[in-house]
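I would like the entire structure built from these sequences, with the hints used as guidance.
Protein chains: 2
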Amino acid sequence: MEEEQADLFSEIRDLVAASRTSDAVARLGGLHPADQADVIAELDDAARSALLPAIPRPDLARAIEYLPDQSRSSIIEEIPTADLAPLLDEVDDDITVDILHELGEERAGEVLREMKRAWAVSPLLGHSDETAGGHMTGAFIRLNGNWTVERTITYLRRVRPEADSAYYLYVVDGQGRLEGVVSLRDLIIAPPDAALSDIMLRDVRKVRDDMDQEEMARFVQRYDLVALPVVDANDRLVGVITVDDVLDIVEEEATEDILKLAGIGVKEHALSPIMDSARRRLPWLLVNMAVGLCSALIVTRFENTISKVAVLAALMPIIAGQGGNASIQTATIVVRGLALDEIDVGDLVRVLLKELMLGAVKGLLFGSVLAVVALAWSGNGTLAGVAAAAMFLNMLVASLGGVLIPMTLRYGLKVDPATAAGVFDTMLTDIMGFFIFLGLATIMLDRLT
Amino acid sequence: MEEEQADLFSEIRDLVAASRTSDAVARLGGLHPADQADVIAELDDAARSALLPAIPRPDLARAIEYLPDQSRSSIIEEIPTADLAPLLDEVDDDITVDILHELGEERAGEVLREMKRAWAVSPLLGHSDETAGGHMTGAFIRLNGNWTVERTITYLRRVRPEADSAYYLYVVDGQGRLEGVVSLRDLIIAPPDAALSDIMLRDVRKVRDDMDQEEMARFVQRYDLVALPVVDANDRLVGVITVDDVLDIVEEEATEDILKLAGIGVKEHALSPIMDSARRRLPWLLVNMAVGLCSALIVTRFENTISKVAVLAALMPIIAGQGGNASIQTATIVVRGLALDEIDVGDLVRVLLKELMLGAVKGLLFGSVLAVVALAWSGNGTLAGVAAAAMFLNMLVASLGGVLIPMTLRYGLKVDPATAAGVFDTMLTDIMGFFIFLGLATIMLDRLT
Chain H
1 MEEEQADLFS
11 EIRDLVAASR
21 TSDAVARLGG
31 LHPADQADVI
41 AELDDAARSA
51 LLPAIPRPDL
61 ARAIEYLPDQ
71 SRSSIIEEIP
81 TADLAPLLDE
91 VDDDITVDIL
101 HELGEERAGE
111 VLREMKRAWA
121 VSPLLGHSDE
131 TAGGHMTGAF
141 IRLNGNWTVE
151 RTITYLRRVR
161 PEADSAYYLY
171 VVDGQGRLEG
181 VVSLRDLIIA
191 PPDAALSDIM
201 LRDVRKVRDD
211 MDQEEMARFV
221 QRYDLVALPV
231 VDANDRLVGV
241 ITVDDVLDIV
251 EEEATEDILK
261 LAGIGVKEHA
271 LSPIMDSARR
281 RLPWLLVNMA
291 VGLCSALIVT
301 RFENTISKVA
311 VLAALMPIIA
321 GQGGNASIQT
331 ATIVVRGLAL
341 DEIDVGDLVR
351 VLLKELMLGA
361 VKGLLFGSVL
371 AVVALAWSGN
381 GTLAGVAAAA
391 MFLNMLVASL
401 GGVLIPMTLR
411 YGLKVDPATA
421 AGVFDTMLTD
431 IMGFFIFLGL
441 ATIMLDRLT
Chain U
1 MEEEQADLFS
11 EIRDLVAASR
21 TSDAVARLGG
31 LHPADQADVI
41 AELDDAARSA
51 LLPAIPRPDL
61 ARAIEYLPDQ
71 SRSSIIEEIP
81 TADLAPLLDE
91 VDDDITVDIL
101 HELGEERAGE
111 VLREMKRAWA
121 VSPLLGHSDE
131 TAGGHMTGAF
141 IRLNGNWTVE
151 RTITYLRRVR
161 PEADSAYYLY
171 VVDGQGRLEG
181 VVSLRDLIIA
191 PPDAALSDIM
201 LRDVRKVRDD
211 MDQEEMARFV
221 QRYDLVALPV
231 VDANDRLVGV
241 ITVDDVLDIV
251 EEEATEDILK
261 LAGIGVKEHA
271 LSPIMDSARR
281 RLPWLLVNMA
291 VGLCSALIVT
301 RFENTISKVA
311 VLAALMPIIA
321 GQGGNASIQT
331 ATIVVRGLAL
341 DEIDVGDLVR
351 VLLKELMLGA
361 VKGLLFGSVL
371 AVVALAWSGN
381 GTLAGVAAAA
391 MFLNMLVASL
401 GGVLIPMTLR
411 YGLKVDPATA
421 AGVFDTMLTD
431 IMGFFIFLGL
441 ATIMLDRLT
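Note that the protein sequences, when read in sequence, are chains H and U.
Residues in the first sequence are numbered from 1 upward in steps of one, following the working numbering.
Residues in the second sequence are numbered from 1 upward in steps of one, following the working numbering.
Hints listed in this document are in silico derivations from the structure and should not be mistaken for laboratory results.
No incorrect hints appear here.
Short derived list, chain H residues pointing at chain U, Cβ under 7 Å:
id, residue
1, 34
2, 224
3, 226
4, 243
5, 250
6, 251
7, 274
8, 278
9, 281
10, 293
11, 303
12, 321
13, 322
Heads up, simulated EDC-like pairs for lysine to aspartate or glutamate below, C-alpha to C-alpha not over 20 Å straight-line:
id, chain 1, residue 1, chain 2, residue 2
14, H, 260, U, 252
15, U, 260, H, 256
16, U, 354, U, 341
17, U, 206, H, 244
18, H, 354, U, 276
19, U, 206, U, 235
20, H, 260, H, 215
21, U, 260, U, 214
22, U, 260, H, 252
23, H, 260, U, 253
24, U, 308, H, 303
25, U, 354, H, 276
26, H, 206, U, 244
27, H, 260, U, 256
28, U, 260, H, 342
29, H, 308, U, 303
30, U, 260, H, 253
31, U, 414, U, 256
32, H, 116, H, 162
33, U, 414, U, 214
34, U, 260, U, 416
35, H, 260, U, 342
36, U, 206, H, 35
37, U, 414, U, 210
38, H, 414, H, 210
39, H, 206, U, 35
40, H, 116, H, 106
Even glycine gets a Cβ: it sits at the ideal position worked out from N, Cα and C.
The structure is reproduced here in structure tokens:
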């Protein structure tokens, strides 16, 4: 299927290049909006400028909903303000809100003045992108509980709601407060003369508009919801979040965790502009370099020892490096456990004891291996003992750091534990690894030379 | 809300402890199944054994669907085979299949013989857990296209389908092949005498039962689906996947990527048994230790140089470590880009050029910083130059490795690029970092002492 699609893409590109715009639009029209969005995103600027004005407005609106963020901004910029308002009237509310945010206040104001759905979109604009309010749509069906099933069905036949805003009907009171929810399935199997208030589910899962998007996504996932009503501080129903947005959020948050653990600012992609990438990656590398210089400073304190027993320089990075890796493994497990709500601060002692025991096992294992190698290379039993002891102690340091650093970031400093856990863990195990190993070696120097 | 829940949890625990089982069951019954599952999972074995038999079967079936994998297995083990069959008859098909897989062939056979829904569950058992077939349910509504809207509504009123199997009705031909889909919304707004085949959507997004679960999840996400029909090799409709399973898969796959990048086997949790954790983490750490020993072996070749210029031992880990970090950043971006289908092998040259340029920028920056520090510490300009050159070259190595290693794992060796990218990247930058730096220093030794 992917090859077929690639063929179709190049066919459409060729048609545009040959100025057969209407043929290209006809071919495009046969595709799913997600695929149309792919074609549009991959066209070069000239072809896109030729094609866009020829696409029927409802099709273009659907395709825009599926465009990746980056291409969307550049495509929207090309559309004249006069054309943008009627187009956005047909785009999903939460996407329209994102677009208006990106346009800048002045142009957004101009567009909004021309939009027919400004009444629905304006109230959504005040919500931060990272909250439940920032992902909701105003296109949902709000009904009075006194309505009968029959009247409701007649109403639905008349308004013909869009497919994805119509899994559930929301029952509100005179002040717009959420009273209950009726699924289309309930509506179909209920007697025609029943009132909505008789068949509705009253114990509705709902969230506040200022709830963080990650918490909201976890809520949807926990209760297996398909649509989630959003209420304001006065319990008034202000919007609905659909599960497709939640899927995107879950993936976005997971990617954020991955990138943060590697010390990369969020929202970088493999094909991001180079200066963007540099801006996101350099800060952490610079911090890391500073950390490296601190540990190097410790090593320089022991220059005398090293110049006498140069093999220490060969063993030293293994002890520090092994500690760093073990610590990052532990921290990754703890960070992910916190993110998925598998553990919280109440599990601290349990997790710490487990990781310390695991650290001791690792220390015995790696310490023994290192002792054998050190003995083989130097023929010195004391050196073997010093190396093994340093490895063992640094594995305990790694376990302590791997658990305590993310926990402190989360519960002590109230920041995302993924952010800097890696830096602090490496710093700790590098500095302690060098210090313990070279310190012990200096104490035992007489027996090493 | 979380505190309220915690209070309720302890209340129920206390009731069970006081042998007031029926009161405990009554309190439990007021909770959402997801919350019931939490309570059940957190009870100790004795309390659980007292409570489980008292929970009404339909409630227990719902709660089981929400239990985390680990607690589910141990709870299922406690339930006698005679009780298990009628219970599983009420559990969602895809969960039942997971449970039967875990029971072992013999007991699964016994249970299956007693199950009323064996006809629906048995065909699902042949599918791997990691494919679309492994996540589908047999509980969906299959209708003939000749049926009128009115007849369909009458049918739905009679069978009262469960809420989550009834967003869509599937129209099949005499051989069970998927012809089209009708949403409840379409059914409600259509004239009562229309045939399903007149109002159904014919161009249905569907997948094959052997499609990999990650690909399937991406498909659902791409097309914003709420339910996805699954067909066999003969295009016969064999099941339906609901979006709540897809949410779990997206999160599971992201967690897998995170853990693999840190060199941890999949499916470890912060509270996994210690031997499980050891088994998952030690292999990679041992590989890493072997790599460390290889690089140490390189260092020992330069013992003579180091014993003359001990400050080399202090600067050496910075060059190797900075290379490792830069390389892992690049690899993380590439691995995530491949996982999210943002890049493929066709983007290799573009990504490589970008990363090499970025590597040169990093090399110039970090090389200069290191040169200043080396000059300050040693007062030796040649040492500063050697350190800067080695840092610059190792940053280019880091860029090359960060792009080429995941790409080779994915397209050359056809394995998951997250698996071992970190090990190989650190190995490359450690070995090359030590070799370049100490090699240059040895060549320049006369001017360093």
